[in-house]
Amino acid sequence: MPDLDDELMKQCQQGNMEAFDLIVRRNRVPLVNFIARFLDNPDAAEDLAQETFIRMFKAIKRYKSGAAKFSTWMYHIASNLCKNELRNRGRRGRFFVDSVTTEPSSGSAPAEEDLIATAPAHVSLQPGNQLERKEREYVVQGAISELPERYRLPLVLRDLQELSYEEISDTLDLPLGTTKSRINRARLMLKDKLRSFVEAS
Amino acid sequence: MNCLNTEEQFSAYLDDELDYQTVKAFEAHLSDCESCRREFTLFRKSLNLLHQLPQIEPSREFDIALQVRLAEVQVEAIPFWQRVLQPLYGQTCLALSGIAVLFVMATGFYFYQETLSDPQSGEIAAAPEPSRRIPLVEGRQTEWQRQQFPLAVPSRELQSLVNFPESSVFNLQPVRRSQQPQFSAFNLQPAHRTQQQQPPAFDLQPARRIQQPQRLEQNYILQTVNYTEAPTGGGL
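Chains as they are written, first to last, in this note's numbering: chain A, 7 to 207; chain B, 494 to 729.
Where hints are given, some of them may not hold.
With a cut-off of at most 30 Å between alpha-carbon atoms, the simulated DSBU-like pairs for lysine-lysine come out as follows [stated by the list, open to error]:
1. A/140 to B/538
2. A/75 to A/64
3. A/75 to A/140
4. A/89 to A/64
5. A/67 to A/16
6. B/538 to A/89
These aren't lab readings, by the way, just hints derived from the structure by calculation.
Kindly produce the complete structure, drawing on both the sequences and the hints.
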C-alpha cells in the first residue's frame, strides 16, 4: 500500500510546496495529540508540533523515500524534540517511576492519597457525561504523564498513535523485543495507576 | 505458565501475537488463577480508558503561526546578499532604466552634434561663418571644398549657346555663390579682379559695376547651371 505522505514528500522534493501544506493538514492533529499526551501540555505541544514541521520542511531535500516510513520519520523528529524539552525543563518522572515499580502489582489496597484524589471525581461524574469524560481524561492523562519517559513514549505511540511495534522500534531506534517489553511494562504501570479509578467506576 | 509469565504476555495476547500453544496455556492459567484473571481484566479496562481519550484539536492560531514560521524559514534559506538586494530590486530596475534612457539620449545628442560639426556630411548650415568655409579665392579652398563644390564647367551645349569670351574664368569662379547672400562686398570680389584694376576705396557695390556687364552675365549663368545640374555639368 503506497504511503500518501511519502508521495507528497516526493512532490515537495520536486518543488511542489503545496504538497507540504497537505502533509501538514494530514498530520497536524496526530502530531499535536502525540506531543500533548506525551508532555501533558497542549500549549507546548503546538509549539513543538510546529517545530517538527519546520524541521521536516528544512529536511525535505535530505528525505529518502523508502528508507523509512514517513510516520516513523515524523515521530522520530517529534520524539527527539520532546526529549529535549523534558531535559530542558527538568521535569518530574523519577519519583513516580520508583513508586510504581516498588508497588505490588496485585492484591494491594489503593493508597490513601489515590482515594482522596479520585473521590471528588466520583461526585463530579453525577451531573452528566460531559463532566465524566473530562474527569476520566484528567485521570488517564495524569496516569500517562506519571510514567517514566522510556515507557511513556512507546505507550503513547502504540495505544494513542496506533503505530505498529515495528514502526515504534524504528522510531525509537530500539530492538523489536525491547519495544514490545517496554510497551507491555508501560501498560502494566498504567493499570496500577488506574486501579482505584477503574475499580471505583 | 506461572503468574509472572502470564503478566508478561498480557499485551501479546491482546495484540494477537502469540502462537496457538502459548494462547492455550495463557487462557488455561487465567481460568485457574483468580488473581491473574482480575489483573488481566483491570489491564484491559485501563487500556480501554487509554483508547477512549478524546482527540486534541489544534488551535486556530496553529496554522497561521506555522505559516509564518515556514515563511521565515524560506526567507532564511535565501542568501544574505539576495535578501538585501531583493527589496531594492524594483527600485534598482527603475533606476537602471532611467540611466539607460539618459545614456541613449546623451549618445544620440552627441552623435547629432558630431553630425552637425562633421564637414563630411555636407551640412553647411552648421557653419557659423560661411565666408570662412567657402572662400571665393581658389587658393584658400581645402580639398574637401574642392570635392563638394567643384568648379562648374558649363556643358558644351551651353557653351555653344552662350559665347564665353574667356574659358579661364571658370577656373577662378567658385560655385554656389548665391548661398552667401550676407557676404560683404569685399568677399565677393575674386582675387584676380583686384589684379586687373584698382577699384576705388569707397566703391562698396560691385554689383553696380556696369562697366563689366559681360562678366556679370557669366556669373549669372554659372549659378543657374550649378543649381540645376550635377557638378559634372551634364547640361540644362
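* Agreement of residue 538 of chain B and residue 89 of chain A with the hint, judged by alpha carbon distance not exceeding 30 Å -> With a Cα-Cα distance of about 29 Å, the restraint between residue 538 of chain B and residue 89 of chain A holds, given a limit of 30 Å.
* Are the Cα positions of residue 89 of chain A and residue 64 of chain A separated by 30 Å at most? -> holds, 20 Å
* Asked: Do the alpha carbons of residue 75 of chain A and residue 140 of chain A lie within 30 Å of each other, as the hint requires?
  -> Not OK: residue 75 of chain A and residue 140 of chain A at ~34 Å, beyond 30 Å, violated.
* Asked: CA of residue 67 of chain A to CA of residue 16 of chain A, is that 30 Å or under?
  -> Measuring from Cα to Cα gives roughly 9 Å; hence the hint holds.
* **Hint consistency between residue 75 of chain A and residue 64 of chain A [alpha-carbon to alpha-carbon, up to 30 Å]** => The given pair, whose Cα atoms are some 18 Å apart, holds under the 30 Å limit.
* Restraint check for residue 140 of chain A with residue 538 of chain B, where alpha carbons must lie at most 30 Å apart -> Measuring from Cα to Cα gives roughly 18 Å; hence the hint holds.
Checked against the numbered hints listed earlier, the structure breaks hint 3 alone; every other hint is satisfied.
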